[in-house]
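S.K.: Here's the letter readout for the chains.
2 protein chains.
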Amino acid sequence: MKQRTMIDQKPDKITITDIARMCGVGVTTVSRAMNNHPDISEETKAMIMQVIRDNHYVPNNSARNLKRSASKTIAVLIKGITNPFFNHMIKVFEKEIQKNKYSFILHRVDENQDEVEVAIELEKEKRLKGIVFLGGQFSHANEKFKQITVPFILSTGGVTSEVGSENYSSVSVDDFKESYKMVDYLCGLGHRKIAIITSPPDHVDVGTLRFEGYLKALEDHGITFREEWAWYMREDIEGFSMDNGYAVTKHRLSANPDVTAIFAVADSLAIGACKAIFEDGKRVPEDYSVAGYDGLDISFYYNPSLTTIRQPVEEMAEETIRILFDMIHKKVKHTHRIFPAELLARASTRPLL
Amino acid sequence: MKQRTMIDQKPDKITITDIARMCGVGVTTVSRAMNNHPDISEETKAMIMQVIRDNHYVPNNSARNLKRSASKTIAVLIKGITNPFFNHMIKVFEKEIQKNKYSFILHRVDENQDEVEVAIELEKEKRLKGIVFLGGQFSHANEKFKQITVPFILSTGGVTSEVGSENYSSVSVDDFKESYKMVDYLCGLGHRKIAIITSPPDHVDVGTLRFEGYLKALEDHGITFREEWAWYMREDIEGFSMDNGYAVTKHRLSANPDVTAIFAVADSLAIGACKAIFEDGKRVPEDYSVAGYDGLDISFYYNPSLTTIRQPVEEMAEETIRILFDMIHKKVKHTHRIFPAELLARASTRPLL
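Note that the protein sequences, when read in sequence, are chains A and X.
Reminder that position 9 of the first sequence reads as 8 in numbering that gives the first Met the number 0, one-by-one numbering, no gaps.
Reminder that position 216 of the second sequence reads as 215 in numbering that gives the first Met the number 0, one-by-one numbering, no gaps.
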């Protein structure tokens, strides 16, 4: 009879005090282990986490947070959900939003949908407290922005000067400047025939801004831009993807035998370009220097490691949520934060002798 | 005065009929262009999409779908949100769920949280109609599963025989069998000293099942397993990540000079392993054959292309949602779908001469 009772006992009845007792430590120590606090040895932490796992203990506050957050919801609207650049950001968003005891809806926006329009509907339907736009493009959206009545922020999108900055907050890098930095670096290595893989000319997004930085850097180095160096992403393949960089480079490489360097406006595009170069029997960087943009983890792990512009994604994601909550709590009206990015010179580019 | 009126007119007042008129085509043709219908030329489609963009036209049905879906919500609970393996799945989930006029909540579960516990709370709070568990581990969860009162499905998680299959539906590959297939392939190439990068022994997840497949394949080839070939992922680094594969291989490589092949239970781990090999001044596959698992896009684009087990992610994701809605509509009780995976023999492995 006694055994029966034990089996029926729900495992979530275990408390933090039980765990502490089993481990022979105090409740504070268990809490520190769970919260990755620095003041606890790795061994003690590992032991405690093992006991937690063995007993299927669920910290109470995670359940409590969920209950409290019932009607407080933030939506993140995202274009290009398969882009690995957004992965780390989403992880940070989710964590920071939960920390504020809000809950989190991730809403994918189709390539041909207007994200502001989607946001206006979503706001009404879900009674949102705030909105993050991730990626996407926002030119000519002023009239529509006014229909959004909750705080919102544009994060890492292609924000152009056409959009009045009094209508929204934003977190980004200076895409023009950072792109200029990379092309200036390639010119400094002696390259003068530099192709760019970027967004098609009728788009307005980060690709457009990075293209402008490229043009300015060429100009400042006394290089006359040639139209055949603009390798535009294909519209029938997902934007900023390895597949797109691969398809474009496959098509353009043989027609541009004198190009010595390729600047792709995203690491994923650069990786696709490298593959097309390898399949052509050529090497990186011996035959072509290839540079990317974003600083994805894979840019380090790729062979060769990619020269790239590292955006501080985690910091940018944290700042996005911080500003959004400041707006929700009426501490600020509109804020624009521009983060510096870092040029990482690695093995995929070389000086032209 | 007239101009004023125009500025105040909301751009979303434009209808599909206006677009058709501007393009000089019928409404059906515009609809076909927007829905990627095959019966329309690429040129016409491009022209129509351009007019749609220029006029900021938002298809009415996307707004309508949102309204209808007000209280019908599916939650996807995910462990390891930065794992690129899940990206394509999430994209398909979102699309299929929207197609069913439901809306979609993505909820990240921490490494040390019990996803079933989180689901129980989330179900109450959000009045969910269904739940998808993505990744994660589910041994000993039977008692808790019973507390979930809406249909749910385990997708691509480590489902072991310990969990009674009458309590849930699932979609997966046969991790044991597919892993066996890969190790059998490596043995067939002449490798007899094969390391495996996998989950720590106290875990129960896909890594455990793949480890068992590895052990059985060695046994069937008359190879005695050695404990030093088990390269366990580090617990202080995110599981199944490039960082983890890199750290583990850095540490183990020099201590195991006679190993000729490394089987990593995820492509991300395999890529990290390759990087560690390169930094050691060695080559893939000349010095070490390296094989992965999952069939991520990057496994094709990596240099060298990775030999891997390709899981049919899109199909698995579609089937997950199909089964879930069949359960919601009471068409089925519990279904278990096991998909076949495919061994892709590529450049990262070679026969041992």
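It should be emphasised that the hints constitute simulated quantities derived from the structure, not laboratory data.
Small disclaimer: the values here were computed from a predicted structure and weren't measured.
Check the hints yourself; a few may be wrong.
Which copy? The list can't say, so a pair holds if one copy fits it or any two copies do.
Below, computed lysine-lysine pairings styled on BS3-like, alpha-carbon distance capped at 27 Å [unchecked claim]:
1. K329 <-> K44
2. K78 <-> K128
3. K44 <-> K249
4. K94 <-> K329
5. K44 <-> K332
6. K98 <-> K123
7. K128 <-> K71
8. K125 <-> K90
9. K125 <-> K100
10. K44 <-> K78
11. K100 <-> K78
12. K100 <-> K44
13. K98 <-> K180
14. K94 <-> K176
15. K123 <-> K44
S.K.: Against the earlier hints, flag every one the structure doesn't satisfy and list their numbers going up.
M.R.: Hints 1, 5, 13, 14, 15 not satisfied by this model.
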